[in-house]
Every structure is written in structure tokens, then in C-alpha cells.
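**Q** The residues making up each chain are set out below.
Protein chains: 4
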Amino acid sequence: MSSLDSLIQDLVIANRILAREDVVDAYGHVSVRHPDNRHRFLIARSLAPDLVEPGDIVELDLDGQPVRDDGQKLYLERFIHAAIFAKRPDVMAVVHAHAEDTLPFTIAAATKLRPVIHAGSFIGAEVPVWDIADRFGDTNLLVTNLEQARDLATCLGPNSVALMRGHGFASAARSLIEVVRLSVYLPRNARALMRAKQLGGEIKYLSEGEIAARNRGYSPYSVETWRTWEYWANKAGCSHLLTRPDEPPAGTS
Amino acid sequence: MSSLDSLIQDLVIANRILAREDVVDAYGHVSVRHPDNRHRFLIARSLAPDLVEPGDIVELDLDGQPVRDDGQKLYLERFIHAAIFAKRPDVMAVVHAHAEDTLPFTIAAATKLRPVIHAGSFIGAEVPVWDIADRFGDTNLLVTNLEQARDLATCLGPNSVALMRGHGFASAARSLIEVVRLSVYLPRNARALMRAKQLGGEIKYLSEGEIAARNRGYSPYSVETWRTWEYWANKAGCSHLLTRPDEPPAGTS
Amino acid sequence: MSSLDSLIQDLVIANRILAREDVVDAYGHVSVRHPDNRHRFLIARSLAPDLVEPGDIVELDLDGQPVRDDGQKLYLERFIHAAIFAKRPDVMAVVHAHAEDTLPFTIAAATKLRPVIHAGSFIGAEVPVWDIADRFGDTNLLVTNLEQARDLATCLGPNSVALMRGHGFASAARSLIEVVRLSVYLPRNARALMRAKQLGGEIKYLSEGEIAARNRGYSPYSVETWRTWEYWANKAGCSHLLTRPDEPPAGTS
Amino acid sequence: MSSLDSLIQDLVIANRILAREDVVDAYGHVSVRHPDNRHRFLIARSLAPDLVEPGDIVELDLDGQPVRDDGQKLYLERFIHAAIFAKRPDVMAVVHAHAEDTLPFTIAAATKLRPVIHAGSFIGAEVPVWDIADRFGDTNLLVTNLEQARDLATCLGPNSVALMRGHGFASAARSLIEVVRLSVYLPRNARALMRAKQLGGEIKYLSEGEIAARNRGYSPYSVETWRTWEYWANKAGCSHLLTRPDEPPAGTS
Numbered sequence: 015m016s017s018l019d020s021l022i023q024d025l026v027i028a029n030r031i032l033a034r035e036d037v038v039d040a041y042g043h044v045s046v047r048h049p050d051n052r053h054r055f056l057i058a059r060s061l062a063p064d065l066v067e068p069g070d071i072v073e074l075d076l077d078g079q080p081v082r083d084d085g086q087k088l089y090l091e092r093f094i095h096a097a098i099f100a101k102r103p104d105v106m107a108v109v110h111a112h113a114e115d116t117l118p119f120t121i122a123a124a125t126k127l128r129p130v131i132h133a134g135s136f137i138g139a140e141v142p143v144w145d146i147a148d149r150f151g152d153t154n155l156l157v158t159n160l161e162q163a164r165d166l167a168t169c170l171g172p173n174s175v176a177l178m179r180g181h182g183f184a185s186a187a188r189s190l191i192e193v194v195r196l197s198v199y200l201p202r203n204a205r206a207l208m209r210a211k212q213l214g215g216e217i218k219y220l221s222e223g224e225i226a227a228r229n230r231g232y233s234p235y236s237v238e239t240w241r242t243w244e245y246w247a248n249k250a251g252c253s254h255l256l257t258r259p260d261e262p263p264a265g266t267s
Numbered sequence: 015m016s017s018l019d020s021l022i023q024d025l026v027i028a029n030r031i032l033a034r035e036d037v038v039d040a041y042g043h044v045s046v047r048h049p050d051n052r053h054r055f056l057i058a059r060s061l062a063p064d065l066v067e068p069g070d071i072v073e074l075d076l077d078g079q080p081v082r083d084d085g086q087k088l089y090l091e092r093f094i095h096a097a098i099f100a101k102r103p104d105v106m107a108v109v110h111a112h113a114e115d116t117l118p119f120t121i122a123a124a125t126k127l128r129p130v131i132h133a134g135s136f137i138g139a140e141v142p143v144w145d146i147a148d149r150f151g152d153t154n155l156l157v158t159n160l161e162q163a164r165d166l167a168t169c170l171g172p173n174s175v176a177l178m179r180g181h182g183f184a185s186a187a188r189s190l191i192e193v194v195r196l197s198v199y200l201p202r203n204a205r206a207l208m209r210a211k212q213l214g215g216e217i218k219y220l221s222e223g224e225i226a227a228r229n230r231g232y233s234p235y236s237v238e239t240w241r242t243w244e245y246w247a248n249k250a251g252c253s254h255l256l257t258r259p260d261e262p263p264a265g266t267s
Numbered sequence: 015m016s017s018l019d020s021l022i023q024d025l026v027i028a029n030r031i032l033a034r035e036d037v038v039d040a041y042g043h044v045s046v047r048h049p050d051n052r053h054r055f056l057i058a059r060s061l062a063p064d065l066v067e068p069g070d071i072v073e074l075d076l077d078g079q080p081v082r083d084d085g086q087k088l089y090l091e092r093f094i095h096a097a098i099f100a101k102r103p104d105v106m107a108v109v110h111a112h113a114e115d116t117l118p119f120t121i122a123a124a125t126k127l128r129p130v131i132h133a134g135s136f137i138g139a140e141v142p143v144w145d146i147a148d149r150f151g152d153t154n155l156l157v158t159n160l161e162q163a164r165d166l167a168t169c170l171g172p173n174s175v176a177l178m179r180g181h182g183f184a185s186a187a188r189s190l191i192e193v194v195r196l197s198v199y200l201p202r203n204a205r206a207l208m209r210a211k212q213l214g215g216e217i218k219y220l221s222e223g224e225i226a227a228r229n230r231g232y233s234p235y236s237v238e239t240w241r242t243w244e245y246w247a248n249k250a251g252c253s254h255l256l257t258r259p260d261e262p263p264a265g266t267s
Numbered sequence: 015m016s017s018l019d020s021l022i023q024d025l026v027i028a029n030r031i032l033a034r035e036d037v038v039d040a041y042g043h044v045s046v047r048h049p050d051n052r053h054r055f056l057i058a059r060s061l062a063p064d065l066v067e068p069g070d071i072v073e074l075d076l077d078g079q080p081v082r083d084d085g086q087k088l089y090l091e092r093f094i095h096a097a098i099f100a101k102r103p104d105v106m107a108v109v110h111a112h113a114e115d116t117l118p119f120t121i122a123a124a125t126k127l128r129p130v131i132h133a134g135s136f137i138g139a140e141v142p143v144w145d146i147a148d149r150f151g152d153t154n155l156l157v158t159n160l161e162q163a164r165d166l167a168t169c170l171g172p173n174s175v176a177l178m179r180g181h182g183f184a185s186a187a188r189s190l191i192e193v194v195r196l197s198v199y200l201p202r203n204a205r206a207l208m209r210a211k212q213l214g215g216e217i218k219y220l221s222e223g224e225i226a227a228r229n230r231g232y233s234p235y236s237v238e239t240w241r242t243w244e245y246w247a248n249k250a251g252c253s254h255l256l257t258r259p260d261e262p263p264a265g266t267s
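Protein chains in written order, with the working numbering: chain A, 15 to 267; chain B, 15 to 267; chain C, 15 to 267; chain D, 15 to 267.
Because the hints were derived from the structure by calculation, they are not lab data.
A portion of the hints provided could be inaccurate.
Facing chain D, a subset of chain A residues (Cβ under 10 Å, in silico) [what the hints assert, rightly or not]:
no., residue
1, Pro129
2, Val130
3, Gly134
4, Ser135
5, Gly138
6, Pro142
7, Arg205
8, Ala206
9, Met208
10, Ala210
11, Glu222
12, Gly223
13, Glu224
14, Trp240
Where a beta carbon is used, it is the ideal one built from N, C-alpha and C, also for glycine.
Chain A with its partners taken away, still in its complex shape (with noise of 0.2 Å):
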């Protein structure tokens, strides 16, 4: 198989992976740098991601449009993938999504949503909260064209993470395994989080320490990321999609 095809398989599993644990419904995408052309990605047509096919991925460039315009219908928030790949060259994937427990921290200001579980420590130590509204007034909350998608993916900054106020989060990673993880754990990290305030007294933070010593050893092809990834994908039912990447050599398991 051609590593771009393969690299398509990779997207589809990614795809029913965010349906599977419930980070996307009907809405939410995610998308990986072309591999042969830095100026482009793929992504879904306009579908729901637990319904993705291969044959339902497009070319996109980096303003959001078709490189073949075949009719499809796309995602109308496309531009935040296109914006994040522009801005960010360290981007490889990219995910915008819903998911439900992310939603208060970015209505409840007072709040700010950090790593306390080692699993959510690739959120990073600072997660900005873009307003639509502080550039743009009322509008209906998406993300509908370059100029918008480009003043998020700039209050996104050098992050992994901005939650979106009302509406959600984009996220930015080296890989599309790194952000499928870091996409499923966002909204895990946020419920502890949550039931730790309600706990009450003080909370106990990853350190900056922490969180640069876990990205340091952190390999997107590690046999722990695998494990992860297949477990994903069998529970999505999509394990026959699977392509293993090269061993990673003996010793770094």
C-alpha cells in the first residue's frame, strides 16, 4: 500500500475513533497534513465522521479549498484546519470538535481547564479560550471563512488546545495518532478537573515540569501510542483498517 493511502486508512480509523468515544456526533472533523505537499490536507467530505469511507476523503488547500472540485459537499468549518496548517508548520493533524465536557470551561470564565491526569498532560499548560464574538460580534458560533479561522488558529497560538467559547475546541498535533489521543483525553482531563473543584480545597496541578517531561518522551509510533490506537480501533470496529507502522526499534517499549 502507498504510504498516502495508508496515511487515508489512518484517517478513516481516526474518524470512527471520535465517533466511537464520543468526542464528535454528526459534527467535528479531523485532518492530517498531505504527505508529499505541505500546502495541502485531507479530510472528510461533509459527513458524519462515523460514517467516513476512504473514498470519502478530499484534498484540501490552504485556503480551505478543493484541490479537485468535484461537487462534494465540504465541512463548512474547513477553514480551521487550513488556518492551523498555514500558521502552525509543527502541525501535522488537526481536530475540531464538540465534545461535551469540554463545553463549561469554556462558558464558566473563572475557570481555566489545565492538566491534572498524565493522560491530559498533552493538552499543554495553556489553554487559550477564543470568543468569536471579540472580533467578530454575533455571529452563529462557526467558523465559516479564512478570516475568522485565522484569528483562532492565532489565539491558538504555539498550544496544543483552544477551546472555542459556546461551541467547543481545535486542536493541533505531530501526528493524527497524537491528536486523536489528545482529543479523547481532552475531555476526560476536564472531567476530573470538574469533580476535583467539586470536591473542593486545593488542586494539585501536572507541574510544568511534568508536562515538558512527558511530551519530551513522548513517540507517536511507540508501542504504548499503538496500544492504544488498535484498542481504539477495535472498539470503533475498524481494526481491519489497520496498517502497523515500522517496529519501533527494541528497547524504547
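We have chain A; now place chains B, C and D onto it with these hints.
**A** For chains B, C and D alone, kept in the frame of chain A given last:
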């Protein structure tokens, strides 16, 4: 297929989706105005929504009486639908349900349910709470006659949702797809607000302008609306009943 | 089918429904008074309710002893059922379970569990909390003999539900369908009340008059009651065991 | 079947149950001491617990090293098991997991996790919280060597569970069935306590005497314990792997 047969299939899908998404259990129902006679509506006979088939759909008039009385048992609370269709010519579809996470807002008088997430905008800026005891004293809380139902419809007024104290809600919209969508996102919006309240501090609600902007942009058969209808029908195991509406014109997606 | 065989099938359905609706796990049990002998009741042998088949039903007397001792292992806490059937001639069916969302109300002494939603009305205006330690000191909290069970039954008094501190609840009703319904809606009512408390402000409970009105209107074999029994049996995968009761007279639906 | 083969099947069942009951996801693991050699234990190779088959079980020594090195990838945190088996001769089985509802108690320092429900008694009167940062500073929070694992085992002391700050827990028991049961009820007890705290007022914890009484009465192969093991194995889809232990003597049920 005739447009009536097609609408009946849509109504079956609506029943199944509301069951699968935990908006209804054995109780709760959804109706649609008759396409050829504004003074009638379609609704299932007395049956759990998850078990409804096309042959279970009956036709009632705006007094809640069957057009053809073939001895079918009917929902006790069908008057809710009758009264709303009578009072609101703009309304084409109605849901009554007990979705669990709407209930706290019907009994905790101090907190008003308002839209905090974009998908919750369709509940509208104002969600009145109707208490059957205010006019009817000690009842079994069920809306079992036209007088009670008309009082509820009056409380609903021009809004999209009325909460019913200790009981649930009634929602009304311009199409079957819209009323289902509204009814699914209503408890999600409620959960987001409950959890934001627990986090504390100031809550950012959707502004009136945002609610209006979303409402203006809504089209019941847009690509985006269809996407979630198709997704939910698949989850509910009734995608075989889907009848694709006419394609919307290009450029509206 | 004989009425005994039919009742045994209903008891199997009750077991499966309680498992499917998360009222019981491997623990918890449901019983019904013998239709031909008021001094006996039917209950499963020691087995997880989800796995119960008609052949697993045994007949016990009001001392909790098997009528035919064929060496079957019995539930340790069967005495709960025996004592309630002995003390309450009006009761035809009993459930004991540990449904998770009832537990907080057994250990947080300050908040009384009371009906706040219409479907919760059958728990009654008064839900006493029984603490085994009050009379029996440090035990394993299980009700393992008649003396303890009679103390619990005394605490239950004329009510429908007694909470059991750090343990769960016992519920009693006039029919199998009613005790199942009561036991399923008990934790839902508990959740609605917990969440309303979190929202804060004054809580509107069902009035005594509303509880009485609902109780007066209840009929275990009405169309509405059957609807939920049929629905739950379908969800629990045992609709093939349903035996339709005599049709209620027209006009009562 | 040999007792070793039978134990391996039990270990597979334990893996599947912990996955099905949401105690583990792709991460987390369960081990059992080798029946013929107290200085070894059995655990899966690096694999999501839900996917574990008998052929995936490996044998490690109390330094966490494989007895037969056939190049299998191993769990990074296997040292947790090694150190607990080494320090605690009474312990026959160990679980390490990240069950979500235990996490708030690891980061909200003010609230101690203690048994409030009877099924939670086995967590013991004292549940210490281990913070890897106390001795090891900024790490990735994973227990990746014997020194860290021994520190955790020291913190565990004679108790059944140690919480791990921002990470999860380690639990230890006298049998595989017991450690699974303990690990399933640990988050349930945590939820009951969290919700009771939200209700407010005084909380009734299990007394020391009650914890002791339950512990004295516990038998890993009693009818009651088997009942839940059988139930969970059925739910997890692996009842075909069940090997019934010797029947307990009559009268102990």
C-alpha cells in the same frame, strides 16, 4: 413514494432517534402536521417510540381525536400536540419528552435554562417553565385534556420550548428534523449549563444576536442538517428508512 | 400457559429489566408473592439477575426457607423479601438493589430523598432510611437473618421504599410491573434531585396531593404501564417472554 | 486443565472484565502471582486488556524482568506489580489502572477516599495517596523502574489500595477475583462519596468494625463472589473461559 408516505417514514425515524438519543424512553412522543391538511397531525399510537413502525402512525385532529377511530389506543398526552398545532400556525412538528437532564431546571426555580452552546441556540432566548399546579392544582401532572394543553401552549407562546415542572418539556419547530435536533441538544445544553454553574463564576450565555444569527441561517434540509439526521438514523438502526430530500442548491452548504 | 408459569416468565423479565436498566448488577433481586399461596414467594436461586431463566426460580416461605430443598444455593438476603411479604399483606412484589444513584441519599444524612418528578411519585412522600447499625452494631451490612429483615420491614412501614444506609434500598408494590417501574425511576428521581440541589435555590417537590393523585390513577395493567414493560423487555432482549395480560377495557387508556 | 492453565484463563477473564467495566482502557493491567513459584507473576504482554488472549500472558520475576525473553514488548509499568508482590507476601493479585472516578481523589487533596458503601469496604479504612513528585520530582508520572515502584509499594503499606496523584491507583488482594472486585467497586465507592459530598451535610462512612466484619466474612470462592465473576465474564463476552472452582461446602452460601 408519496410525500405522505415519505413523511410517515421520517416520523418513524424521528421516533427511533429520540429513543436512541435518550430523549424519550417508553414515554414521550413526536408528531408532525399533516402535509395536506393543516388541521390534522400524525403521531404514533400508544407505543414506545423505539418500537414504532409506519403502520403505527395515526392521524388526529386538533382536538386530539382520531380521524378514523379503529380502536387503537392513543397517547394520553396527545392533547399537547393538538393544542400547540392549533395555537401556532408556524409550527410543523412537536415533541413532548422527559429527557432527564432537563428535569433539574423544571424544579430548581432559581436557575433559568438558556442557550450556552451553539447547538443549543434553537431552544431560544426564553424558555418558560409551565407548572400545571398553577391553574389545575393537584393533578397527576399529565396533560390529559385540551384545557390543560391549551394552558401549556399559552405558556409556550412564541417560543420553541416550554419546560414542564417535575415532568419534562414540550418543543415545537418548523420541521420534523428541526424539532428532533432541538430536542436532542436541549439536554446537552442543560448539562453544559449545569456543569458551568458548578465550576462557578460568571457564565457566558449566547447573546440575543447570536441566537438570531443562528436562527436566520437555519435550513431544515441543508447539508449540515441532513448530516446529523443521517448519522442519528444510522445510530438508531433505521437508515433504510431514510428518504433523501431534494438536493439543496449548490453553494448553500 | 398456567397463571403460575406466566408469572414466572414475568419474574424472569423483571430480573432482566432490572439488570438492563442498571438497577441491579450481580447483586440485587426481585420477588413476587405466590399467586396461590400468600405465605410463599417466588425468587431466583443465587444467580445474577441478567442470567436468570424460568428454571432458576425457586419457591420460599415467609421464613425465607425453600419449600422444596433441592440443594440450590439461595440469595443470602432473601430474608428481606420474606419479612416484607409477612408484614405487608398488600405487597405483591419486592425488590432489593444497590442502584448507584440512590446511595448518596443513604449516606448524606442532611438531604431526604423525595419525589420531584412525576415518574418518581411512586416512591411516596416518605422514604425512610434504615441503618442496620442502629440495632445490630457493626455488621457486614447484609441482611442475613429474619431478625434484621423484620427490623428493616418495620422501618419501611406503610411506605414503598426504604433506603438502606451504605447499601441500597428495598422497594415494595402491588404488582411486579409496579415494583420494577418504581425501582427504575427511583434512581432517576434521585439524580433529578441531586442536580437540582446543585443548581441551588428552592426545590419544587411533588405535593402530597400530586403524589396521591398519581397513586389513585395507577393501574398495573393499563396501556401506559404495559407500554413501558414491553419497551424494557425489548431493550433487555426478552420480549419473547412477554405474556400480554387481559386487555383493559376501552376508554381507560 | 492444569491449575496454571486455569489461572491463565482466569487472568484473561480479569483483563476483559476490567475493560468492560471501564476500569482500564488501553492502559492499566492486572497480574497474578505464579501458583508454583512465589517469586514470579503472570501478566499480559504490552496489549490493551480487552484484546488479551491466553497466549499473550507472560511470566515475570520480582524485578519485573521476563523469565523467558522472547522479545515480547512488556508494559512499561510492570514494576508496580513486581514491587508489590515482593513487599507483600499476602498479596496474590495486583491491578494498576486509571479509572476515571478515582482521579478527583488523587488531585483534590482535602477529601480522603474512604468506604461509604458496603461493596466499597474492601478498599479498606485507609487509602493512602502516593505522589511520585515527592521523591522523584518532575517525571512523566509513570512508574518505570523498581525504585519508583518500591516507593509506591511502601506507601501502599498493609493497605489494599494506593491512589496515585494525577494518575490512578494500584490495588492488591488475596486473589484475582478479589482484586478485580475491589477495582470495580473502587470507582463506584468514589462516585457515591463525591455525590454525597455534593448533597452536603454529614457523611456516614463505614465504621472500622463494619470494614473488619466484611473482611472477615469474605471468601474469594463463595457463591456470592462467584456470582459476580460469572456475571461480569458474561457481560465481557468471555464466559466460555470460566472454570468453575471447587464447590464451596454447603451452608457457606
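**Q** Identify whether the interface hint at Ala206/A stands, where standing means a beta carbon of chain D within less than 10 Å of its own.
**A** holds (4 Å)
**Q** Does the nearest C-beta of chain D fall within a distance shorter than 10 Å of the C-beta of Val130/A?
**A** Holds, because the Cβ-Cβ distance from Val130/A to chain D comes to roughly 5 Å (cut-off 10 Å).
**Q** Less than 10 Å between beta-carbons is the criterion; does Pro129/A satisfy it with respect to chain D?
**A** holds (8 Å)
**Q** With chain D as the partner, please determine if Glu222/A meets the hint condition of a C-beta pair closer than 10 Å.
**A** holds (8 Å)
**Q** Can we keep the Trp240/A interface hint, with Cβ of chain D closer than 10 Å?
**A** holds (9 Å)
**Q** Double-check Arg205/A for me: the hint is only fine if its C-beta lies closer than 10 Å to a C-beta in chain D.
**A** holds (7 Å)
**Q** Can we keep the Gly138/A interface hint, with Cβ of chain D closer than 10 Å?
**A** This hint is violated: Gly138/A lies away from chain D, its Cβ roughly 15 Å from the closest one there, beyond 10 Å.
**Q** Does Gly134/A pass the interface check with chain D, least Cβ-Cβ distance below 10 Å?
**A** holds (8 Å)
**Q** Against chain D, with CB atoms and a cut of 10 Å, does the hint on Ala210/A hold up?
**A** OK, holds: Ala210/A within 10 Å of chain D, min 4 Å.
**Q** Can you verify the interface hint for Gly223/A: is its Cβ closer than 10 Å to any Cβ in chain D?
**A** holds (3 Å)
**Q** Double-check Glu224/A for me: the hint is only fine if its C-beta lies closer than 10 Å to a C-beta in chain D.
**A** holds (5 Å)
**Q** At a threshold of 10 Å, is the proposed contact between Met208/A and chain D supported by beta-carbon distances?
**A** holds (8 Å)
Against the hints set out earlier in the document, violations occur for numbers 5, 6.
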